[in-house]
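> Take these sequences, add in the hints, and give me the full structure.
2 protein chains.
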Amino acid sequence: MQIQPLRGTRSLYPKEMRERNTLLNACRTILERAGYEEYEAPVLEPMALYEAKSSAEIIERQSYVFTDRGGEKIVVRPELTPSFARMVANKQGELPPLIRWFSFADCWRYERPQKGRTRNFLQINVDFLGSDTGEADVEAIDLALSMLQAIGIDMRNVSMRVNDRKLFDVTCQTLAIAIEKKGQFLTLLDERDKLTQEEFLTKLQTINPELNCTDLAVIDNVQPSERLLAVIASVQKLGWTQLVYDPNLIRGFSYYTGIVFEVVETSGSFRRAVFGGGRYDNLLEAVGGKPMSGIGFAVSDVALFAALEAQEKSVAVDQPVKTLIIPLTNNEAPVAIDVARRLRTKGNTAILAIPPYELKKQLTMANRLGASEVVIVAPEELKTGNVIVKNMTTGEQRRVRVSDL
Amino acid sequence: MQIQPLRGTRSLYPKEMRERNTLLNACRTILERAGYEEYEAPVLEPMALYEAKSSAEIIERQSYVFTDRGGEKIVVRPELTPSFARMVANKQGELPPLIRWFSFADCWRYERPQKGRTRNFLQINVDFLGSDTGEADVEAIDLALSMLQAIGIDMRNVSMRVNDRKLFDVTCQTLAIAIEKKGQFLTLLDERDKLTQEEFLTKLQTINPELNCTDLAVIDNVQPSERLLAVIASVQKLGWTQLVYDPNLIRGFSYYTGIVFEVVETSGSFRRAVFGGGRYDNLLEAVGGKPMSGIGFAVSDVALFAALEAQEKSVAVDQPVKTLIIPLTNNEAPVAIDVARRLRTKGNTAILAIPPYELKKQLTMANRLGASEVVIVAPEELKTGNVIVKNMTTGEQRRVRVSDL
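Chains as they are written, first to last, in the numbering used here: chain A, 2 to 406; chain B, 2 to 406.
You may find that some hints are simply not true.
Since the list can't tell identical chains apart, any single copy or any two copies may satisfy a pair.
[What the hints assert, rightly or not] Listed below are the simulated EDC-like cross-link pairs for lysine to aspartate or glutamate, each with C-alpha atoms no more than 16 Å apart in a straight line: (1) Lys74 <-> Glu33; (2) Lys204 <-> Asp194; (3) Lys16 <-> Glu359; (4) Lys92 <-> Glu17; (5) Lys16 <-> Glu33; (6) Lys204 <-> Glu382.
Don't read these hints as lab results, they were simulated from the structure.
This is the structure in structure tokens:
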């Protein structure tokens, strides 16, 4: 019986891996050119890192949690932000006042597998720590949209909504929502799309029984702050006119304290959030660091591929030019290795044929490998220091000196 | 209180990450140019994949094993080879007859943390499946040594030992070792370095009580096979004269059936194996696939860095040329963004200054960032469409038109 992978997990075969590497490299280029530096955190972290610092739903219901041989409670990370905060807190004294970092992080969630969602995925995490300014907000949003553009997304079918968690705090005050009920209220607002007006009101009354339908106007008529309006204007001036204010945008993570944003691909049926992010003020303190305001966003490789698919696009992979080196007998094998080494030193992909050295079978193999050329090391030609180079597309053959390759 | 990472785990900060990426890219170049393709398997796999297919010691004593929410027994992979075999078996019908694959795989072992060993490490796994020939053996060994050379290791202080598991089978026959005792005998041979001759004999007698000290000669005088001698000769002809036959080389993994090899860095005190690998005939069948002979090897990034350190070498990282773009006031900020975008399009790293825009502080920041140049966007110069470009090494300043940047 064949052993299968764990249900809902993903293995990347070479073709998919090439596409994924191409996608990541496009993102990496955008980030590095803006001065962002790559880091890496372990995929296993202590449970303490997530307690009260992440989304309760994700940790309690969707995380792989276990106890190791030493009795330590361990989480297979469902997201990277807490690890990022921990790494900064652990070396805060040595790090510069502005931190622009990114990571491509393997993350795991025990969710029901479905189209466009796998239990393991790579999360691209981007964070800018140390500046609570609208300029930093603009930079983060610009990067998120630039990455989408760089991977080949048609930006006309991308919308982006922003909101500010500070406005939510004001709403809580106006509606006399008790502090201990704020989390519940946040979750309710996040779910509002899925509820009728009546259902929403009924649930709202479990949070504050005094509220009635006239209070819904308070929620619906929240006005954006001046800072939010300035950020929106700046981002639009950069050409990203798809950015709009949306008082109903919440985002699940409890650590957001300022601007929150979400990017959605709007063509076709895939309308899930692609990128999401926001500003957090208290995350560093929560992991034992000194306070630092930051803004960050994340996107999974799975979501990026789904967005491309919704636009009926694929990743354009640069295929290397491949050459298969075929000795005709064992006697020519050492020269074949020498030829391969010469070509590799010049940056070419040179694959060595493996016995049996039957030319016809080797030429079939060359086609299967997608080789554009083969080098045939034949005894007769070798006597004069030559090999035969055959173009696999045209079939044309020519004699070339080994030393001229 | 600061939250710490799990004991013995490693987090890579940007400087270390740049070094690690440089190291991996050097290895990737060697592998891709030889026609090897990258793949990726999930870090969590079902327990069934490891049962009887890996090193018993590693799975029983050193692996992170747990049960997920669905009751499935899961392993955080301690090595990649079983996953590689599973991936091939799962799609064997669609894959070509020769498979040259590699992966950079996050692996975990619950070991006592010590210098040059962390609980999480990246394992570079290289496999060549589908040809049981000496030529494939030579290719694998050549690649392992070429990778070491490519990362900057002085190959004069590298030794490599090879042996053949088939010779071990002959020894078992000669010494009348029962089939069910072969694993125990293998482990004993692997530990022989750490034992006195007497201790070794005593343990040998628990495997076959009939044996005495004259039988030790059988173990010590195993002659290499013709194939092994031919492989050694071919590899030495490639310039790798450090390769020697060692009848005492065993390698822990039970799945090896043919040639086994090990690369050791010999300068200084670090003499642990860097690379290790070998040929396996039964791995594909063990995971439910059709038989295919393969040869593979692995090395961890931790071991490669330790080998470099033993030679008092470090990885030469290419630092990108960085420019900090500084607007003098908020009014010039939009032009600063435009300048940054122009530079980034041309492949430069252009970092945007963030308020407060005090020139002196921003220049200090530029030095801290390692910026070689700054672009100052000043109101006066901007009137004529110019910005100031300041070289941070020489202090020299010049006026440049924005459109000429």
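> Taking the hints in turn, state whether each one holds.
Evaluated hints:
1. Lys74 <-> Glu33: neither (35 Å within a copy, 40 Å between copies)
2. Lys204 <-> Asp194: within (13 Å within a copy, 71 Å between copies)
3. Lys16 <-> Glu359: The answer is neither: 28 Å in one copy and 50 Å across copies each exceed 16 Å.
4. Lys92 <-> Glu17: For Lys92 and Glu17, the Cα distance is within 16 Å only across copies (14 Å; inside one copy 37 Å).
5. Lys16 <-> Glu33: Answer is between: at 14 Å across copies they meet the 16 Å cutoff, but 26 Å inside does not.
6. Lys204 <-> Glu382: neither (85 Å within a copy, 60 Å between copies)
In summary, the numbered hints that this structure violates are 1, 3 and 6.
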